[in-house]
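If you read the protein sequences in the order shown, they are chains G and U.
Numbering follows the UniProt record's numbering, with no gaps: position 87 of the first sequence is 87.
Numbering follows the UniProt record's numbering, with no gaps: position 36 of the second sequence is 36.
To be clear, the hints were calculated from the coordinates, so they are not data collected in a lab.
Idealized CB from N, CA, C, for every residue including glycine.
Heads up, some of the hints might be wrong.
[Stated by the list, open to error] SDA-like, lysine to any residue: derived pairs with alpha carbons at most 20 Å apart:
1. G/K51 with U/S59
2. U/K70 with G/R40
3. G/K75 with U/R43
4. G/K16 with U/Q38
5. G/K37 with U/S60
6. G/K37 with U/E24
7. G/K75 with U/P41
8. U/K51 with G/N47
9. G/K70 with U/E44
10. G/K70 with G/I93
11. U/K51 with U/Y76
12. U/K51 with G/P41
13. U/K70 with U/S59
14. G/K21 with U/V53
15. G/K85 with U/R43
16. U/K21 with U/M31
17. G/K37 with U/L27
18. U/K37 with G/K37
19. G/K92 with G/S59
20. U/K37 with G/R40
21. G/K85 with G/G63
[Stated by the list, open to error] Non-contacting residues of chain U with respect to chain G, defined by C-beta distances greater than 10 Å in every case (computed):
22. I4
23. T7
24. D13
[Unchecked claim] Here are a few chain U residues that face chain G, going by a calculated C-beta distance under 8 Å:
25. F30
26. V53
27. V61
28. I95
29. D97
There are 2 protein chains.
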Amino acid sequence: FLNIKATRQALIDERKKSDDKCREILLNTFMEYFFIKQRRPLRESLNILEKAVLIRVLSSVNGKQKDAAKYLDLKYSTMSEKVKKYNIKYFKIPIAD
Amino acid sequence: FLNIKATRQALIDERKKSDDKCREILLNTFMEYFFIKQRRPLRESLNILEKAVLIRVLSSVNGKQKDAAKYLDLKYSTMSEKVKKYNIKYFKIPIAD
């Protein structure tokens, strides 16, 4: 019975290891392409990425800055500064039941 | 002859378009995996990424902070602050001709 437990743990570890490996490959590929190949100032690359993340998160919470701030562990005031900084606008679509 | 030129331009445009598409897919995949799936504060994710980029660039210029700063369009002082902040150390290997 202990063996089953050990095997299960080993499988979980293996899975975790391969997840870590995937994460590492993805990080490296992205870094090469986005930060190294396209020679841009570091600050500019980080800003492009931050803006994309903000838009992605905001669209998943129906544009509610408070919820997006919570998700990203930002103060509401920081969130709204960033929305202004990146000039993120909303396209409002009216819907009815 | 003009046609050849036009075709060539069209091929270049097509190539550029598919490059842009690849870039977009890579950015989105990375964002989902790195920023959305692994729920972390935004600042923390950006820092992990910045540290990885610094190590990658520093290792390509043989650890020379001045060259790395130039590559990333950072002031030397900013570069050296970041190296301190992320506690990046060097592993020096002596070599001889």
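Each hint, compared with the structure:
Restraint check: the Cα-Cα separation between G/K51 and U/S59 comes to about 28 Å, which exceeds 20 Å; the hinted pair is violated. A hinted pair counts as satisfied when its Cα atoms are at most 20 Å apart, and U/K70 with G/R40 qualifies at roughly 11 Å. Between G/K75 and U/R43, the direct Cα distance comes to roughly 12 Å. Compliance with the 20 Å bound is thereby established for this hinted pair. For the suggested pair G/K16 and U/Q38, the alpha carbons sit about 14 Å apart, so the restraint of at most 20 Å is met.
This hinted pair checks out: G/K37 and U/S60 have alpha carbons roughly 13 Å apart, not beyond 20 Å. For a cut-off of 20 Å, the pair hint linking G/K37 to U/E24 stands: about 15 Å separates their Cα positions. Of the pairs offered as hints, the one joining G/K75 and U/P41 holds, with about 11 Å between alpha carbons and a cut-off of 20 Å not exceeded. About 15 Å separates the Cα atoms of U/K51 and G/N47, which keeps this hinted pair within 20 Å; it holds.
Among the hinted pairs, G/K70 with U/E44 is consistent with the structure: their alpha-carbon atoms are about 14 Å apart, no more than 20 Å. For a cut-off of 20 Å, the pair hint linking G/K70 to G/I93 is broken: about 24 Å separates their Cα positions. Of the supplied pair hints, the one linking U/K51 and U/Y76 holds, its CA atoms being roughly 16 Å apart against a limit of 20 Å. Distance hint between U/K51 and G/P41 is fulfilled; the C-alpha atoms sit about 15 Å from each other, no more than 20 Å.
Annotation: proposed proximity of U/K70 to U/S59 holds, straight-line Cα distance about 14 Å (limit 20 Å). Distance check on the hinted pair: G/K21 and U/V53 sit about 18 Å apart at the alpha-carbon level, within 20 Å; holds. Proximity of G/K85 to U/R43 is assessed by CA-CA distance (about 16 Å); at most 20 Å being required, the pair is judged to hold. Straight-line distance between C-alpha atoms of U/K21 and U/M31 comes to about 15 Å, which keeps the hinted pair within the 20 Å bound.
Restraint check for G/K37 and U/L27: satisfied, since their Cα atoms lie roughly 14 Å apart, inside the 20 Å limit. Proposed proximity of U/K37 and G/K37 is contradicted: the alpha carbons are some 26 Å apart, above 20 Å. Note on G/K92 and G/S59: the hinted pairing holds, with a Cα-Cα distance of about 11 Å set against a maximum of 20 Å. With a CA separation close to 27 Å, the supplied pair U/K37 and G/R40 exceeds the 20 Å bound.
With a C-alpha separation of about 16 Å, the suggested pair G/K85 and G/G63 falls inside the 20 Å cut-off, and the hint holds. For U/I4, the non-interface assignment is confirmed: its Cβ lies about 30 Å from the closest Cβ of chain G, beyond the 10 Å cut-off. No beta-carbon of chain G comes within 10 Å of the beta-carbon of U/T7; the shortest separation is about 27 Å. The claim that U/D13 is not at the interface with chain G holds, since no C-beta of that chain comes within 10 Å of its own (minimum 19 Å).
At about 4 Å, the closest approach between the beta carbon of U/F30 and any beta carbon in chain G falls short of 8 Å, and the interface hint on this residue holds. The interface hint given for U/V53 is met, as the beta carbon of that residue sits about 5 Å from the closest beta carbon of chain G, less than 8 Å. For U/V61, the shortest C-beta to C-beta distance to chain G is roughly 12 Å, which exceeds 8 Å, and the interface hint is violated. At about 25 Å, the closest approach between the beta carbon of U/I95 and any beta carbon in chain G exceeds 8 Å, and the interface hint on this residue is violated.
At a threshold of 8 Å, the smallest CB-CB gap from U/D97 to chain G is about 29 Å, leaving the interface hint violated.
Hint check: violations occur at hints 1, 10, 18, 20, 27, 28, 29; the rest are consistent with the structure.
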